[in-house]
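Make one complex out of these two single chains by using the hints.
Below, each chain spelled out in residue letters.
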Amino acid sequence: MSVSAKNTIADGIQAARESGDLQPLIDAVPYFRWMGLRVDRQGDELITVMPFQEMLIGNPMLPALHGGTTGALLESAAMISLIGAQDEPKLPKIINITVQYLRPGRDRDSFATGIVTKQGRRIASVQAIAWQQDRNKLFATASTHFMVA
Amino acid sequence: MEFDIENLRQMMTVGIPHMAAVGLDVITIDENGILARIPHRPEFVGNTDTGVVHGGIVTVLLDSLSGMCVLPTLAEFMQVATLDLRIDYLKPAAPSQDIFASVHCYKTTRNIAFTRGVAYQSDVDDPIAHATGSFMLTKPGA
Numbered sequence: 001m002s003v004s005a006k007n008t009i010a011d012g013i014q015a016a017r018e019s020g021d022l023q024p025l026i027d028a029v030p031y032f033r034w035m036g037l038r039v040d041r042q043g044d045e046l047i048t049v050m051p052f053q054e055m056l057i058g059n060p061m062l063p064a065l066h067g068g069t070t071g072a073l074l075e076s077a078a079m080i081s082l083i084g085a086q087d088e089p090k091l092p093k094i095i096n097i098t099v100q101y102l103r104p105g106r107d108r109d110s111f112a113t114g115i116v117t118k119q120g121r122r123i124a125s126v127q128a129i130a131w132q133q134d135r136n137k138l139f140a141t142a143s144t145h146f147m148v149a
Numbered sequence: 001m002e003f004d005i006e007n008l009r010q011m012m013t014v015g016i017p018h019m020a021a022v023g024l025d026v027i028t029i030d031e032n033g034i035l036a037r038i039p040h041r042p043e044f045v046g047n048t049d050t051g052v053v054h055g056g057i058v059t060v061l062l063d064s065l066s067g068m069c070v071l072p073t074l075a076e077f078m079q080v081a082t083l084d085l086r087i088d089y090l091k092p093a094a095p096s097q098d099i100f101a102s103v104h105c106y107k108t109t110r111n112i113a114f115t116r117g118v119a120y121q122s123d124v125d126d127p128i129a130h131a132t133g134s135f136m137l138t139k140p141g142a
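Heads up: the protein sequence lines correspond to chains X and L, in order.
Residue numbers 1 to 149, in this note's numbering, belong to the letters of the first sequence in order.
Residue numbers 1 to 142, in this note's numbering, belong to the letters of the second sequence in order.
Here chain L stands alone, though its shape is the one from the complex (with noise of 0.2 Å):
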């Protein structure tokens, strides 16, 4: 099936409206994965001893890419409802620096798909963030 991939980008950050307030900036997004970005505002901060971005930030990012990647490598559109989503947080976070992730899809079944992926800031072999989830797929109308 072919993905309309500006369709998919318009409706993940304009279309969902906890994307809009976050300022979600897809970059990039095939069947390979998704790139994308949440640019820093002082609003994200979850400790102003250290000015560091609050974990709830790389959660939001790393839970919308996850479920997104998996729709350009299905055959037909699905539902992807999400099962569980596992994030170890690797290192701090650097101070007002912008968060990116690259996550993608490495296997789905008739009924599930797994997904992992990464959050980092300056170097993507440098991650502050690993994410794993699964998802249920269903057929519209099942």
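The following block holds chain X by itself, in its conformation from the complex (with noise of 0.2 Å):
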């Protein structure tokens, strides 16, 4: 990859520490961007929204989300919530994931966040859940490892 490329994803994490918004890094990501995925801050929390589109449905009768967005929804949750709470911006690295699904996701809005539970030298751990319009009513929730080394 080139120089400037490097740059993006590094300046994105720069700019979005120091400003407190996550959006330039979100905007880094192309995936992020395929996905339509945004950030808002509410307080010292981090919500990642994945606004509805019709290419999220995996199950066209009920109609439900896929549940591998879902899961997706939740590992970019865990990553941005982990990044706002670290002292250098650096990209963490996911070990692994467990997605419980509770219910099925809806053809609406959907929103994640992530809370840090041990934050270590090499590795944190993060749980995310995922809600749509009731918040204490959540459709998955994950347990996550990254390594932040």
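Everything labelled a hint here was simulated from the structure, so no lab data went into it.
Each residue gets a CB set at the ideal place from its N, CA and C atoms; glycine is no exception.
A portion of the hints provided could be inaccurate.
Dumping the calculated DSSO-like pairs for lysine-lysine here, alpha-carbon to alpha-carbon at most 27 Å [what the hints assert, rightly or not]: (1) X/Lys90 x L/Lys107; (2) X/Lys118 x X/Lys137; (3) L/Lys91 x X/Lys93; (4) L/Lys91 x X/Lys118; (5) X/Lys118 x X/Lys93; (6) X/Lys137 x L/Lys139; (7) L/Lys107 x L/Lys139; (8) X/Lys118 x X/Lys90.
Rough simulated footprint, nothing fancy, chain X against chain L, three-plus residues with beta-carbon under 8 Å [unchecked claim]: (9) 41-55; (10) 76-86; (11) 97-107; (12) 110-122.
Right under this line is the structure:
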């Protein structure tokens, strides 16, 4: 990759950390742009939003979101919340994720956030939750580990 | 029960909007498992420093195949709902290459199915990710 491309992610993280706005980072990741993800800061919390699109559907009969998109949202939200909590602007590398599917994700906007339960020197643990209309009615949760060194 | 494999393949690749959106290509599917791939596209990249595909695409592929591989193993049609899915990312994906996955259902009980599989690029024995899933089975109308 070219040097300018290399700067994109690092610059995005740096700019995001300085301004408190992670949207530049989101915009630097092609997959996030393709999924239409955006980040809303609410106090100390970073909420990753996945606006509904027809192409996110996995079950046209219900209709319900594709489980993989829910997993991708939780993984993205865990990473974004972790970047927001880190002292240094680095892109964490995911080690593993376990997604629990609690109920179908419906054909409406989805929201997710991560709670950094352990920030170690090399490894961080992040729990992520996802909801739609009612934050007290989660439709999926995830347990994740990231390499941060 | 005889499974119409072509019908299932059509359902997966055309009938499911997100599968159509990622361009899922089902290569083989039967009671022994599913082999499929997602062809590489620049919009799937997660890190422009490295050109590596975002984990979300690997998740989408493994999630889809894990649920679908249960169907041909069942004696009658049942609804398959994911309880959980664990993905271990074993090594970084190589940039600009298609992602393949091979997933099978290794046990079904009356209510639950268990699956495992891998995602890989050039070599199935050198996977980039490993997945294990559990699924709830429900008879239609139950």
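Hint check results:
{"no.": "1", "hint": "X/Lys90 x L/Lys107", "result": "violated, 41 Å"}
{"no.": "2", "hint": "X/Lys118 x X/Lys137", "result": "holds, 25 Å"}
{"no.": "3", "hint": "L/Lys91 x X/Lys93", "result": "holds, 10 Å"}
{"no.": "4", "hint": "L/Lys91 x X/Lys118", "result": "holds, 23 Å"}
{"no.": "5", "hint": "X/Lys118 x X/Lys93", "result": "holds, 15 Å"}
{"no.": "6", "hint": "X/Lys137 x L/Lys139", "result": "holds, 26 Å"}
{"no.": "7", "hint": "L/Lys107 x L/Lys139", "result": "holds, 18 Å"}
{"no.": "8", "hint": "X/Lys118 x X/Lys90", "result": "holds, 17 Å"}
{"no.": "9", "hint": "41-55", "result": "holds (count 13)"}
{"no.": "10", "hint": "76-86", "result": "holds (count 6)"}
{"no.": "11", "hint": "97-107", "result": "violated (count 0)"}
{"no.": "12", "hint": "110-122", "result": "violated (count 0)"}
In terms of the numbered hints stated before, the structure departs from hints 1, 11 and 12, listed from lowest to highest.
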